[in-house]
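Residue numbers (numbering that gives the first Met the number 0), protein chains in the order written: chain A, 0 to 416; chain B, 0 to 491.
Hints may be right or wrong, so weigh each one.
[Claimed, not checked] The calculated DSS-like cross-link candidates involving lysine-lysine, where the alpha carbons are at most 30 Å apart (straight line), are:
1) B:Lys215 to B:Lys66
2) A:Lys34 to A:Lys392
3) B:Lys331 to A:Lys392
4) B:Lys66 to A:Lys182
5) A:Lys308 to B:Lys369
6) B:Lys411 to B:Lys369
7) A:Lys400 to B:Lys331
8) B:Lys292 to B:Lys331
9) A:Lys308 to B:Lys17
10) A:Lys12 to A:Lys400
11) A:Lys266 to B:Lys292
12) B:Lys103 to B:Lys215
13) A:Lys182 to B:Lys415
14) B:Lys17 to B:Lys103
15) A:Lys264 to A:Lys308
16) B:Lys331 to A:Lys182
17) A:Lys186 to A:Lys279
18) B:Lys103 to A:Lys311
19) B:Lys368 to B:Lys103
20) A:Lys264 to B:Lys292
21) B:Lys331 to B:Lys368
22) B:Lys103 to A:Lys182
23) A:Lys279 to A:Lys266
24) B:Lys103 to A:Lys400
25) A:Lys392 to B:Lys66
26) A:Lys34 to A:Lys311
27) B:Lys215 to A:Lys186
28) B:Lys292 to A:Lys308
[As the list claims (entries may be wrong)] Computed far set for chain A versus chain B, every beta-carbon distance over 10 Å:
29) Asn13
30) Gln87
31) Lys164
32) Gly388
It should be emphasised that the hints constitute simulated quantities derived from the structure, not laboratory data. Even glycine gets a Cβ: it sits at the ideal position worked out from N, Cα and C.
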Amino acid sequence: MTSQFSLRNLTPKNILVPHDADELAQLLAQCNAEKSSVVPWGGGTLQHLGNPPARYDNVLQTTRLNQVIEYAADDLTATFGAGMTIDQIARILAENGQFLPLDVPHPERATLGGVLAAGVNGPLRLRYGPTRDYMLGNRFATVDGSIIKAGSKVVKNVAGYELHKVQVGAFGTLGILTEATFKVFPKPPAEISVLASFENLADACAAVPPLWNLNTPPLAIEFLDAVTVRMVEPGAQGAWFVVARFGGPHTTMAAARDLCGQIAKEKNAFSVSSVTTHEKFWRALADIPATLVEQFPDALLMRVSVPPKEFKTAAELLLSAAAAQNIPAPRLFAHAALASIYASFDGDASALAALVTALRAQLHSVGGHLMLTSAPPPLENLDRWQEVGPALKMMQSLKSKFDPNNILNPCRFVGGI
Amino acid sequence: MRKVNDQDLMNPISPAVKELQQLLGESNVLWRPDDLRVYSYDGSNNMATPDLVVLPSTASQISRIIKLARRYNMAIVPRGSGTGLCGAITPIAGGIMIVFARMKQILNIDLENRTALVEPGVINLDVSTALAPYRYFYAPDPSSQAACSIGGNVANNSGGPHCLLYGVTANHVLGIEVVLEDGEIVWLGGAAPDEQGYDLVAAFIGSEGTLGIITKILVRIMPLPETTRTLLAVFNTIEQASRTVSGVIGAGIIPAAIEMIDGTTIRAVEAAYNIGLPLDADAVLLIEVDGPKAGIDELQQMLADFCIEYGARDVRIARNEQERADLWKARKTALGALGRLAPNYYIQDGVVPRSKLPYVLEQQDAIAKKYNVTIANVLHAGDGNLHPNILFDAREQGAYERVRQVGGEILKLCVKVGGTISGEHGVGIEKLDYMPLLFTPADLDAQARLRDAIAPTRILNPCKMLPQGSRCGEVTKSNLPSAIAGNTDVWI
């Protein structure tokens, strides 16, 4: 039973699966009274992220918090239990032609609470912003057994601190999300996507800014290499790929496709094609960060983030850093316009460790940083997170105010939090 | 916290003034009562005078000002342009007011990263004006955008008509430089995505100056849409107009803005500016859509059809930029025009689910009748954000208490239908009493813990945002202003 909850060879003593938010809060308070550590768990699809827990006593699983709490389709707002899967949410919203841009890996298992706590975003962040921008409020259980409400259920609210947003990406170290309210979006009446292939990395990178600047703003601009492209389009030929996704009225889609093709040609693309199996393609593409872990379990996977204009520099840095360590070039996938890059490296442990150290320094000089998202066992001790600098003091203080006994996901987050 | 009283009134020989003059130069430290009076109010009806006003130019000066304030146990109150509507900058505990008039530089515009780095005193509209030659803009556009500062916008998480499509200030701030209460200067966030650690940028946005003093802001900028279309629809009843709004949103159309003004406001605007609105109309909707040229005609037609279907008696479409400006004039001059109807107005800022607009406006009307007051409505209707302006004459005995009661009833109504007490103006001191309508003591305690984690001494803008009882600090009821204590001290 506990093996499915193993984290880097650690297994929990108890699996707690509360029926509702109140029971979850009570169980959390009990664990706190016993100073017994808690790893919040949704679908487990993102548990490879972060450092291993310093203590691993209990799993608190949210999967039974899977109710639609409120859905006002006419107001374009909805409140969902944290244990609902992303697919369940998508199906319910689709009945009204609406959706949430939560395009994360394994939506069939990933839960809302897990996705929010891990702070992951997919390709659609380009158009719709990060999750916290369209999340209006939430509730979370704190270690004293309270359920705290923050934010609101309407589209604008400035009453109180944005405590609900602080929960996003906090890795469950301040509390456990029990529900969240969103501004939902009408589905675009039509969508098209254009895939362009390039022989040169520089050409592929150069296509990104003009695509981003199109008058019909793209929903997503993604970048793939010859390995990652096969995860979405097995027959694709070429070295580097850029795919742009557009949504809007039917009348605007043909024009967007033509302009997109024109830009790709100007940047020396040798083939440009429309994506035919649209939904399947984007689902597979959103899965790539997970697929890379599944297909290459012994590789070191990192997410590199730089300011948008440094995208090409960062891609080149990743290639040259591998060459400097005499290891093969990494497999690459990126949310290109916003410059969030996944790089998967093969190599021996010492070369990979040296690579991480070198890259951290090089990225720092262009205003970027990296997070290790998956590492082979010999590299388990590498800190997954970047140093966060002088802000750490505030973060530690915040942690101590919300979890004084340090029972929530101990040591999994930045700076030993 | 020390409230300086008459016997130790700040003067040029007091040690705090002397130290500050050495740090900032004599002209950047104001201490004469006449000078201070100018800084005693904001856009709300509240008033309190700071002990000192300082005009620093750099973050390191601000760091030293905060250290000094701690030594003298004086409060720090940051002030942007003073257009706020909730008393967030009313120095109710006295202290040192930091004014950003010397920090108005746009430091950098980076089109490739789609960012601009600005100082907090930069005026909102000046950012978009500076970006216009490049065909970029800064999206959040509070109605006071020609006067309000970006620092103030960030402190209040300001909205504006176009946040229906583009989102509020929080969605457009990527990073901030902030001076903490121990004087440390810290950068949070930045142009790279996926910032690691807690989202402290989110914590500071809308924190009304209670967590730290923001000294630089990295804002997100966007390319101007290829084209913009503006419609004005005239309705015989406010119910028709509000049903149109719910209908448009419910149909999955999200324009860039949907604004509403009611009959009372229309007549005030007409009397003042003669824009050509029909005096017998009960509501006007201003709808704007933007985007690529392809498809915009169809969208415009669809919206016009919607308005007619829901009972609009006239739909006007701006044919050029001048006509667009004319249509917006009705909305943008609305508050100023209210001066024709009464010497004072008390503006509220509740938000309701958009489908509840017809019901809420009807109920609000009943409240107005019950208290025998006139309400002029200006709404960010697309967001369900009400701005009822309750008209009054502050010279009249008991008038301010009555309009505050009316405001309170309206906010209770908003909360009852699932809404909130403030959409964009903030809590400040105006809405402290209403926070418990929305939040339980445990919720408020969690918020207080966030504040105490970052700014435990509470010298930064004390007694704002969180009501008494959620660890407001040492300020006692006796030196709180009328807005809280319940007396009238309205500026007339």
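Each hint, compared with the structure:
no., hint, verdict
1, B:Lys215 to B:Lys66, "holds, 19 Å"
2, A:Lys34 to A:Lys392, "holds, 23 Å"
3, B:Lys331 to A:Lys392, "violated, 44 Å"
4, B:Lys66 to A:Lys182, "violated, 42 Å"
5, A:Lys308 to B:Lys369, "violated, 59 Å"
6, B:Lys411 to B:Lys369, "holds, 15 Å"
7, A:Lys400 to B:Lys331, "violated, 44 Å"
8, B:Lys292 to B:Lys331, "holds, 26 Å"
9, A:Lys308 to B:Lys17, "violated, 47 Å"
10, A:Lys12 to A:Lys400, "holds, 27 Å"
11, A:Lys266 to B:Lys292, "holds, 25 Å"
12, B:Lys103 to B:Lys215, "holds, 10 Å"
13, A:Lys182 to B:Lys415, "holds, 20 Å"
14, B:Lys17 to B:Lys103, "holds, 26 Å"
15, A:Lys264 to A:Lys308, "holds, 21 Å"
16, B:Lys331 to A:Lys182, "holds, 27 Å"
17, A:Lys186 to A:Lys279, "holds, 17 Å"
18, B:Lys103 to A:Lys311, "violated, 34 Å"
19, B:Lys368 to B:Lys103, "violated, 46 Å"
20, A:Lys264 to B:Lys292, "holds, 23 Å"
21, B:Lys331 to B:Lys368, "holds, 27 Å"
22, B:Lys103 to A:Lys182, "violated, 34 Å"
23, A:Lys279 to A:Lys266, "holds, 28 Å"
24, B:Lys103 to A:Lys400, "violated, 36 Å"
25, A:Lys392 to B:Lys66, "holds, 18 Å"
26, A:Lys34 to A:Lys311, "violated, 48 Å"
27, B:Lys215 to A:Lys186, "violated, 37 Å"
28, B:Lys292 to A:Lys308, "holds, 28 Å"
29, Asn13, "holds, 26 Å"
30, Gln87, "holds, 21 Å"
31, Lys164, "violated, 4 Å"
32, Gly388, "violated, 8 Å"
Against the hints set out earlier in the document, violations occur for numbers 3, 4, 5, 7, 9, 18, 19, 22, 24, 26, 27, 31, 32.
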